[in-house]
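Assemble chain B onto chain A, guided by the hints.
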Amino acid sequence: MRILYLEDEPADAQLVERFARLTHHQVTIVSTVEQARATLENSPDLILVDILLHRSRGGYAFVSELRAAGYTKPIIAVTGLALPHEVKQWYEVGFTEVLTKPYTIQQLAEVLNRYSS
Amino acid sequence: MQDYDIQTDLTDQRRDYLKFVLLITLWGTVFIDCIRANMMINPFQESEWPVWFGLPLVLASSNELRRRGRIALGAWVYLLGVLAVLSVLLFEYGPGLDLYLAFLGIMVVAFLLVDRRSVPYLSALILGVMYVLTVQHNGVLPTIPLLIMPTAFAVLLNVVLNIHAANALEMVYWATDIQRKDTRRAEAFYQQKEQLNDALLQVKHAKSRLEIMNVKLEEARNQSERASKAKSVFLSNMSHELRTPLNVIIGYTSSMLDMPEMYDGQPLPSAYRSDIQLIKDNGYYLLNLINDILDLSKIEAGKLELHCAPVDMAELFRGVIATSIGLVKDKPLQIRPDFPDDLPAVWADAMRVRQIILNLMSNAIKFTPSGSVTLQARVEEGRMRVSVIDTGIGIPEHALAHIFDRFEQAERDTDKHYGGTGLGLDISKQLARMHGGDLMVHSTVGQGSTFSFTLPIVEQSVALPEKTQPAESHVRTLAVPPETLASTVLLVEDEASLRDMMRRTLEGAGHVVVDVQDGSQVLDLASGLLPELIILDIRLPNVNGWELLAELKSDAETSAIPVIVCTVSDDQDRARELGAALYLQKPFSPDELLACVEAFLPQTVISGKGEA
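First to last, the protein sequences are chains A and B.
1 is the number of the first residue of the first sequence in my numbering; add one for each residue after it.
1001 is the number of the first residue of the second sequence in my numbering; add one for each residue after it.
Watch out, some of these pointers could steer you wrong.
What the hints assert, rightly or not - Anything over 12 Å on all C-beta distances counts as not near chain A; from chain B, calculated:
1. T1011
2. F1153
3. L1286
4. I1393
Said to hold, decoys possible - Calculated pairs, BS3-like style, for lysine-lysine (alpha carbon to alpha carbon, straight line, at most 25 Å):
5. K88(A) / K1229(B)
6. K1229(B) / K1298(B)
7. K1181(B) / K1193(B)
8. K1303(B) / K1231(B)
9. K88(A) / K1231(B)
10. K1181(B) / K1298(B)
11. K1298(B) / K1231(B)
12. K1429(B) / K1231(B)
13. K1298(B) / K88(A)
14. K1193(B) / K88(A)
Unchecked claim - Here are a few chain B residues that face chain A, going by a calculated C-beta distance under 8 Å:
15. T1244
16. V1248
17. H1398
The hints are simulated quantities; they were obtained by calculation from the structure and are not laboratory data.
Quick caveat, the model's predicted, so the values are computed rather than measured.
By construction, the Cβ of each residue, glycine as well, lies at the ideal position given by its N, Cα and C atoms.
So that you can see chain A by itself, here it is in the shape it has in the complex (with noise of 0.2 Å):
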């Protein structure tokens, strides 16, 4: 599976690529959403979206632009923005799921799971 990583922390980055090697998925990192745009051309099966980065809701921006061009493969939500009405606003502007920080190995596995078969 290709997954794309919109993260701009490293540390979660490297947490997340490290995971999903192991598990022999693809996983290209990005930090911004520039990158991101750049890096769709890859077709990637799995995208996993920070929202806040550097210090602006640009994984918002991006996820909001991609699913009004009929983007339809899924879009997980990797944020620590997790209180009740921000999770709520995450999966109306079409994130399909939601992964809150802090997550355990545990959780980020299943998630992962549950969308490579």
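Chain B alone, transformed into the frame defined by chain A:
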């Protein structure tokens, strides 16, 4: 505006009459004197002097009095003066038509000048003077016409005067009266207008004051909205900023502890294990603290809304017990469900009620080194009392009053020992109050504590929905995805690593796993939880697995639950005999386990929002 005064007006009128009469008389006198002078009559002749000198004197004094405002006196002086002059002439020359006409003229003048009540007397006086002087001069009464005509004239004059003047006066008085009333009305109107103007002014003032106040209120409201918004933004930022580093702590420690594959298969050296676990636990402590603070700030801002619906409590209790068992860890502690099967539904916010009960359960487990923690429910007086009863260390009496305070545990140093944020009871109490009840506590040191609260029971007529799901349970953790109908599996296995593998495998497939390491609680849990499946290890430290299986199958409540027996020995026949649904021989792979389990559990439903 002044009242109209008829008297003033009459006086003014009399003054004008008097002036007019005086002028006429003056010109008349001059005219007569001129004629007399032309006739070469000596003014000093005895009978002529009153006309030459008397009349001007009378006229002058009357006019002087008139000028001074003494109108009445002036009029009397004129009338009596002229009467005297006429009397002298009558006395001297005897009666004649011209003199009689002069007497009648003065009577008419009297009518104009004096009070009308005096006119009859004055007429009588004038007639009397005329007749007496005529008699004295002629020795006989005047001829009939001369006698009758003035008398008739005087009578007629008086009659006309009385009738006419009375009517006229009446009309004048009537008109004046109306005018007076109008004046009063006008004045009243004027006053009312003034008052209205005053009132209008006051209204204008009040309006401007109100406008000022509105502006201030608007400002205050904007300010408080801004403050509230700023607070929300702050809370959101704080939550995010704390969760970000926590993700590194919890994510990495959990992978170090549970996923050695990520480290080229090198397991974490056991010497580090407990320390890493400690770091992870403290990470969770901080996460709970964030959630509790957010809850409290919401409650305090009055922004926490309950999403109430009929809740099937038995189902909710089973979920809570499943989670609670996971909290027990290695203590000799039993979790006991104690509620009737036919529990009525309650009207409550399922997520918040779960939060209260879980908080009470985790507290009880934390403070109970051994014994039991019982989750009890009873129906009383239209409400359901939910109690969590433990056999723990108890709370000393002096501390009971403070345990609901923030950051307060019975002993200052207990938090080091037992952990916990110290906010849970405060939140639970407030949530219980929002459900119309209160959180109560009874405790005896050394014997244990009981925390209880009540929930309103739903009327029988309200139908319970097929499946009550906590609306926002996915927010805290993704262990149970939002739209999954999870099955509960009771897992009995004493070997830790195997149990761990099985639990993870089952949870990975979306099931809720309640795992226990010995057989002592199995019967209680099976009847309390009514799991969809039981996986039973036969070799258990304290009880015989076969006996356990037999008991499960003989109990009416649990006999229908499929049991998968797993053990190293090959006793497939015995298992069948005792009612086991399947026999799984150790060792087995996760995939084999899943294949067995799937046969007995309804397919997990995951309806993703997009294309999963």
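To see whether the hints hold, each was checked on the structure:
1. T1011: At about 95 Å from chain A, T1011(B) clears the 12 Å cut-off, so the statement holds.
2. F1153: It holds; F1153(B) is separated from chain A by about 116 Å at its closest Cβ, greater than 12 Å.
3. L1286: violated, 9 Å
4. I1393: Given that every Cβ of chain A is farther than 12 Å from that of I1393(B), nearest at about 31 Å, it holds.
5. K88(A) / K1229(B): Distance of about 18 Å is within 25 Å: holds.
6. K1229(B) / K1298(B): holds, 13 Å
7. K1181(B) / K1193(B): Between K1181(B) and K1193(B) the Cα gap is close to 18 Å, so the pair holds against 25 Å.
8. K1303(B) / K1231(B): holds, 12 Å
9. K88(A) / K1231(B): holds, 20 Å
10. K1181(B) / K1298(B): Violated, at roughly 73 Å.
11. K1298(B) / K1231(B): holds, 10 Å
12. K1429(B) / K1231(B): Holds - the C-alpha atoms of K1231(B) and K1429(B) are around 24 Å apart, at most 25 Å.
13. K1298(B) / K88(A): holds, 17 Å
14. K1193(B) / K88(A): Violated - the C-alpha atoms of K88(A) and K1193(B) are around 64 Å apart, more than 25 Å.
15. T1244: This hint holds: T1244(B) lies near chain A, its Cβ roughly 5 Å from the closest one there, short of 8 Å.
16. V1248: holds, 5 Å
17. H1398: violated, 38 Å
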